[in-house]
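Each chain is listed here by its residues.
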Amino acid sequence: MKFQVNGIAREVAGATTLADVVTHFKLDAKIIVIEHNLTIVPREHYANTPVAEGDKIEIVHFVGGGC
Amino acid sequence: MTDLLKIGSYDFHSRLLLGTGKFPDLDTQQRAVDASGTQVLTFAIRRLNLDNPDNPNFLEQLNVSAYTLLPNTAGAQTAAEAVRIARLAKASGLCDMIKVEVIGDMRTLLPDPIGTLQATEQLVKEGFTVLTYTNDDPILARHLIEAGAAAVMPGASPIGSGLGLLNPHYLSFVIEECAGKVPVIIDAGVGSTADVAQAMELGADAVLLNTAVAGAKDPVLMAEAMKLAIEAGRKGYLAGRIAKKRYANASSPLEMMIE
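Heads up: the sequence lines are chains B and S, in that order.
All residue numbers for the first sequence refer to the numbering used here, where the first residue is 1 and numbers rise by one.
All residue numbers for the second sequence refer to the numbering used here, where the first residue is 1001 and numbers rise by one.
Each hint should be verified, as a subset may be incorrect.
[Stated by the list, open to error] Just some of the chain B residues that point at chain S, by a computed CB distance under 10 Å:
| hint | residue |
| --- | --- |
| 1 | 10 |
| 2 | 29 |
| 3 | 40 |
| 4 | 51 |
Calculated from the structure, these hints are not laboratory results.
Glycine included, C-beta positions come from ideal geometry on N, C-alpha and C.
If we strip away everything but chain B, and leave its shape as in the complex, we get:
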């Protein structure tokens, strides 16, 4: 299945939920936040959030920054 992940079209084979996408990119242990079609999804809901072809997924994290 193809999604727009962080602005790039990406194939994630066999993904049915957001948790599958997280596992696909090996992000299970990381401090991340996910926005699914512009809605923030809490970590505990990854497994029960279904994904569909063409969904927009933003995966963000904290990076160094000041002002």
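Given chain B, work out where chain S should sit, using these hints.
Relative to the frame of chain B, chain S by itself:
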């Protein structure tokens, strides 16, 4: 004597807030953070690089429970973008503070005052502890306080410029406007320990800096120097400096001179 910095429901001993950008490497950064004595670290929110998700990340090496995290909305050019970034930051579960930053011009990185106020109003309504990066404008500071900002953060000069306090007079107006209501944190543009001490002597409650430490020849030593400058400036402010006089005023008695 305990002299605490109070921001919303938070109390801090340290009056130095430190950014986490532009350090030469993560080890230097960690040692600089330790040397600075800071209790508040700022971060930005960005897309994860999915082709290289295991790039070393400072936050993941940090004992996050030892610090209060202050994510910023850097990169936002509208109130809506800032609100979106703030919500993402809060969803991490690591913090409810947000440094609102809505940039109006990419060359100067000066804040857009209207977007800044709108984002502050919205995020206060959503329950964030909002610290707002703003101009050295006392009227805007008043509006931000009315909107519920937990701290007003006027820039000393353009972000990363190291130009120091370009308009200490207006900064003192901002400090007067906020006195007894919310803390003033001088944010952006300080370059040296002298700048930091000057900001604290003016009556600022704290200073947020990043480049001045991260870009120093020895960031760890500079972090310690900044900590001391904060303390010196704060104590100098509390002690109350002497009035300036136009002519000399002898310290030694002028009576009973030997003739």
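A quick look at each hint next to the structure:
{"no.": "1", "hint": "10", "verdict": "7 Å, holds"}
{"no.": "2", "hint": "29", "verdict": "9 Å, holds"}
{"no.": "3", "hint": "40", "verdict": "5 Å, holds"}
{"no.": "4", "hint": "51", "verdict": "15 Å, violated"}
The structure fails to meet hint 4 from the earlier list, while all remaining hints are met.
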